[in-house]
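Colleague: Got chain A sorted already, so can you dock chains B, C and D with the ligands onto it with the hints?
Chains as they are written, first to last, in my numbering: chain A, 1 to 325; chain B, 1001 to 1325; chain C, 2001 to 2323; chain D, 3001 to 3323.
It is worth saying that the hints were derived from the structure and are not from the lab.
Owing to the predicted nature of the structure, the values given are computational and were not obtained by experimental measurement.
The C-beta atom is built at its ideal place from N, Cα and C for all residues, glycine as well.
Treat the hints with caution; some may be incorrect.
Over 12 Å on every C-beta distance to chain D, these chain A residues come out as not near it, computed from the model [said to hold, decoys possible]: (1) Gly-49; (2) Glu-295; (3) Gly-325.
Just some of the chain B residues that point at chain A, by a computed CB distance under 8 Å [to be verified]: (4) Asp-1085; (5) Ala-1088; (6) Val-1095; (7) Trp-1268; (8) Tyr-1283; (9) Pro-1287; (10) Thr-1296.
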Amino acid sequence: MREILYRDAIVEALDEEMKRDKSVFLLGEDIAEFGGSYKTTAGLFKKYGKERVRNTPISEQGIVGATLGAALVGMKPVAELMYIDFTAVAMDQIVNQVAKVRYMFGGKAKTSLVIRTQGGAGRSSAAQHAQSLESWFVHIPGLKVVMPSCSYDAKGLLKSSIRDPDPVLFIEHKLLYLEKNPAPKKEYLVPIGVAEVKREGTDITVVATSSMVKKSLDAAEELEEIGISVEVIDPKTLFPLDKETILTSVRKTNRLLITHEAVERCGWGAEIAAIASKEAFDYLDAPIERVAAKETPVPFSPKLENFIIPNKDDVIEGVKRTVLG
Amino acid sequence: MREILYRDAIVEALDEEMKRDKSVFLLGEDIAEFGGSYKTTAGLFKKYGKERVRNTPISEQGIVGATLGAALVGMKPVAELMYIDFTAVAMDQIVNQVAKVRYMFGGKAKTSLVIRTQGGAGRSSAAQHAQSLESWFVHIPGLKVVMPSCSYDAKGLLKSSIRDPDPVLFIEHKLLYLEKNPAPKKEYLVPIGVAEVKREGTDITVVATSSMVKKSLDAAEELEEIGISVEVIDPKTLFPLDKETILTSVRKTNRLLITHEAVERCGWGAEIAAIASKEAFDYLDAPIERVAAKETPVPFSPKLENFIIPNKDDVIEGVKRTVLG
Amino acid sequence: MPTITKKNALWIFKTMLRIRRFEESSIDLFTKGELPGFLHAYIGEEAVASGICVHLTPRDQITSTHRGHGHMIAKGLHYKGMFSELYAKQTGYCKGKGGSMHIADQELGVLGANGIVGGGIPIAAGAALGLKLQKTKDVVVCFFGDGASNEGAFHEGINLASTWKLPVVFVCENNGFAESTPQKNHQSVSDIADRATSYNIPGIVADGMDPLSMYEIAGEAIKRARSGKGPTLIEAKTMRFLGHYVGDPGTAYGHDKVVGKWKKIDPIVTFEDFLKQKKWIADDHKEKLVIDINQEIDEAILYAKESPEPDLEDALEDVYSDS
Amino acid sequence: MPTITKKNALWIFKTMLRIRRFEESSIDLFTKGELPGFLHAYIGEEAVASGICVHLTPRDQITSTHRGHGHMIAKGLHYKGMFSELYAKQTGYCKGKGGSMHIADQELGVLGANGIVGGGIPIAAGAALGLKLQKTKDVVVCFFGDGASNEGAFHEGINLASTWKLPVVFVCENNGFAESTPQKNHQSVSDIADRATSYNIPGIVADGMDPLSMYEIAGEAIKRARSGKGPTLIEAKTMRFLGHYVGDPGTAYGHDKVVGKWKKIDPIVTFEDFLKQKKWIADDHKEKLVIDINQEIDEAILYAKESPEPDLEDALEDVYSDS
Ligand SMILES: Cc1ncc(C[n+]2csc(CCOP(=O)(O)OP(=O)(O)O)c2C)c(N)n1
Ligand SMILES: Cc1ncc(C[n+]2csc(CCOP(=O)(O)OP(=O)(O)O)c2C)c(N)n1
Ligand SMILES: [Mg+2]
Ligand SMILES: [Mg+2]
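So here's chain A without its partners, still in its complex pose (with noise of 0.2 Å):
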């Protein structure tokens, strides 16, 4: 199949979107002639012109509000917020506009919108651009999420969240703009709310989000030399939760670790945790495992950045504890 970056992953499924939907249109900084700071929208403002690729002021709440607003009157508008962090100046609007309107309109209101953002850590951005926020927004009912971690999800899912009925935040991740892996050129879709084995494992089920899949495979790779067979799940989704793939396999393999690069402390791995000791209580041989950022921001510095990020040996530590006891 051929091989894709990520990030162009991304440009592929708007272009693809914009050219099938006349009212699809993007919006956000520095999207336009720049392409976006990660070249996530590059090409498009040459082939859509300027009032379907629009370069926004620096105003988060503007762009989340006016995305809201366009959407209440039939169109699909797909806003870019350059970082995740920057989610938190544009709060009102994603969580108590955004997410509420349907609701509190009867029902009655068209939400039709993706919110596309990046999270993550490994470029020494530091404390206000590399955090992973995505448990804020999996805790607002009204929100989907989703999160892909290869070209191909990338593009199948961005996809789906443009044609999706509801509000969408579709959280890229920084490092994985520049990995190459195959995507058909062809159209497809992925479906928002199923997740995916990404390799089958009998002794513990790892569950891992974005940056952490690859990482998670790595590691199932060489605990495999060590007679360790993993089963690395990615939800893809985060809400909807496609909970009974995760349950299905802790129920067979036993055992669970939970992996993010969100600080652990009431991230999204606590809702995964919470939810398989509960179901899938009689199965557990041994306690959930989290792997996680270390509690704290995000230092400027390498070391430290890399010290408290979770990686590939982190994954191999946590699972080694949790089945070899």
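Modeller: Just chains B, C and D with the ligands, lined up with the frame of chain A:
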């Protein structure tokens, strides 16, 4: 002991600390002559004047930013955000500035400040005035999160929060304001980071926050009658967390139920379930229950609001499920 | 001399009465304990919504505020759906899930009241963007208060609308108070219209107690928006005759004191005089109108009372499109 | 004729050189791959920070931006601590935890660079409030860019400062671009100083390429702030000579094209001419200065390179006061 309204306990704590320390001052919307939407600053404007009890424009980013700026130059501001729902408007200042400056600046920032707010449902104030968002803030390293459930703790914990060198998000509950219960007039402090066993029991541990504490104690009363002995723990501080008190109890009762008014998914209860399921793994005789709000925005209709918010009977049912299996 | 037609003048007069009577009745019901939640009454400000919405078609959109009943009625929402919503009934505009602060109706172009001060402003800009991209000639009117003009959302929303020349009219209802706080304590400008300078758009002070002033100024601004010339900021100087919310004595900072002077220029009274001068209405015209309106209100209240409450399961619906 | 003293003029000249050379060296190191993260260079804008900070004492405070090196140096921060921070060393101003976008020093009144555009503006207002409550005569200078003037935080921070007449000077460094986006595409005003109207405070356009213009206008504004008359909004028209960040070709929207014209009025060159006219410096004065500065830079870089990296445990400290 003297009985006092929860809201008056707040006033008393502010009054005592303002008297004690000239660097303490208050700012917020309508807190001056009006005394605050819930009268939690009543009388203080008259007593301390407009310099130390400051009405702000309606601008939550401005309020929190000003709070941080004043703290950085050595003041001890206490800000009021009228509803926790409005923290979303100030989220950037709270999360990207207040919580992180100490760390980003290498430990040299003065950040002794308190942000008071109130959450919870029960007054038909609908989706934008009734949320419980505490887990957002527990997820952010750099913040302390305090949630008093009675007048005694409201006064003692607010005084400790004002004296604390770190930023504290102090979350009150709109339905508790008019509840009267004991709190001494004399000076006392309630330490941050210490949970309290509100009722001893042997069959199950119920960890309850804010408005759910009273509901859980009432539930425990009733359950007593059918022979189920419930231990009720109020963490009081969601972070730093008094893990030991909770774990000790769970290791004794071998059962755990967590209840709060926030929605279940990615709520604070998930974190407690994740911790207990791991650290008390060998002690648990039943799956951990969570009794939380149903996963919707808060509806206006009292009938629906009452349906989605957990009550005493939900706690009783949850306990029965867990204890009687 | 204003160029208003008799038809428009009578529409405005009737609409102001419809708003006034709706508010009086809902206050009455609320005080009797029949309505849950809380209410923010529009009484005293009727000329603003009426003088503006007379220019709007059902396809034009508005965003509103916590004090939104007047906007809704002026935009054509019916009493039955509104009272039913205040009663939290299934037949309400939001099936009882929204309440006073969240009434909306996409058919009639109401993008919602809003419980977040200033929250509707960027949404209005976005709706205007949508209407522009759809190549319609429809416009958006965005209502908000003096207090809201201090929120970041005000700045971001208007900056966006002016930069993109969007078809939206921003209407600041300056009633001199933000909850208890007098304007001079929450901003250092006296004319909020001056803030238009920040966006290089027209900023115009209108007399919010005078329907004709509102009519003329709004007419211009809406024409401007329809013709693609971009947004206008209108500041309507007005006053709420009651406290911030129903039950608020309004004694802080002497709101109760200043109100008296404003009641003397009650827009309904002064506009009735104008209509009589013009011989556009007979002496008993108002009484007749009020009788009809009261009857409609009584029917609507009865309808609301008799309407079913939502079912418990309704609470779990409308969170997502498929739920 | 400007009233600047020789002493102040020389301080400004030297400070501009110190900034220029610091930026040139850090760009050089960054390009060689010696520095982690990313850098936003202040080259071209030196007159702004220098012409303003000459008026400040160490007790006065500033808030800065992602493009903050110039502000830091003008406020007196030393090369060693700054290079060490860019190198992410223990000896950096933030122990290597902050980096270029978060350098701060409370001793010298630097409340921090800021990675959030506009994030420092309400903080500056709050610091000014604190200084006022402490009955000092100290002031706060708040730096931000043209792009930042579209953030809600700009509006809320200045509204608060003007309503409370706080001792703060807001300095908008208008370099005509927000990342790639030209000013005309992100706002409809050409003079951001006009936005002062929204807060009823003085709004003054200064020539950000001319240290004397900055010196005069900032002097007035700071005097005004110290004497309790409240804030001023200064718009410094300037230009960054390089791309948005080090590595950005700056080709979008022709930034690279316009820059040439601005380089012709390089503040360091023009101000040297002024000083020579004034006979305040000899012909080889600049060369001598540069030699000293270069030596200081070399020492600082060496110091930074030889400084220890933070220990792993350091990552876990400074989250809370007791951690
Ligand atoms: C973001 C936010 N902050 C605060 C409030 C609480 N609040 C509700 S109405 C109001 C006053 C609004 O004043 P104004 O904008 O002048 O409108 P008015 O009530 O005078 O019509 C306030 C502070 C809110 N609802 N939302
Ligand atoms: C809230 C927020 N939005 C967006 C960004 C990304 N960003 C960093 S610098 C910048 C441009 C800032 O432009 P301006 O304020 O004019 O400052 P300049 O870079 O021109 O000095 C942007 C959009 C950010 N850091 N913070
Ligand atoms: Mg008002
Ligand atoms: Mg700029």
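Colleague: Hints first: check each against the structure and report whether it holds.
Modeller: How the hints compare with the structure:
The Cβ of A:Gly-49 lies farther than 12 Å from every Cβ of chain D, with a closest approach of about 14 Å, so its non-interface assignment holds. At the 12 Å boundary, the C-beta of A:Glu-295 falls inside the reach of chain D, the nearest C-beta of that chain being 7 Å off. With 12 Å as the threshold on Cβ separation, the claim that A:Gly-325 sits away from chain D holds: the shortest Cβ distance comes to roughly 27 Å. A cut of 8 Å between beta carbons decides the hint on B:Asp-1085: the least distance to chain A is about 6 Å, and the hint holds.
The closest approach between the C-beta of B:Ala-1088 and any C-beta of chain A is roughly 4 Å, which is under the 8 Å cut-off, so the hint is satisfied. Residue-level restraint check for B:Val-1095 holds (minimum Cβ-Cβ distance to chain A is 5 Å; threshold 8 Å). Against a cut-off of 8 Å between C-beta atoms, the interface hint on B:Trp-1268 holds, since the closest Cβ of chain A lies about 6 Å away. Look at B:Tyr-1283: its Cβ only gets to about 11 Å from chain A, farther than 8 Å, so that hint breaks.
This hint holds: B:Pro-1287 has a C-beta 4 Å from the nearest C-beta of chain A, less than the 8 Å allowed. Using the Cβ-Cβ criterion of 8 Å, the hint placing B:Thr-1296 at the interface with chain A is satisfied: the shortest such distance is roughly 5 Å.
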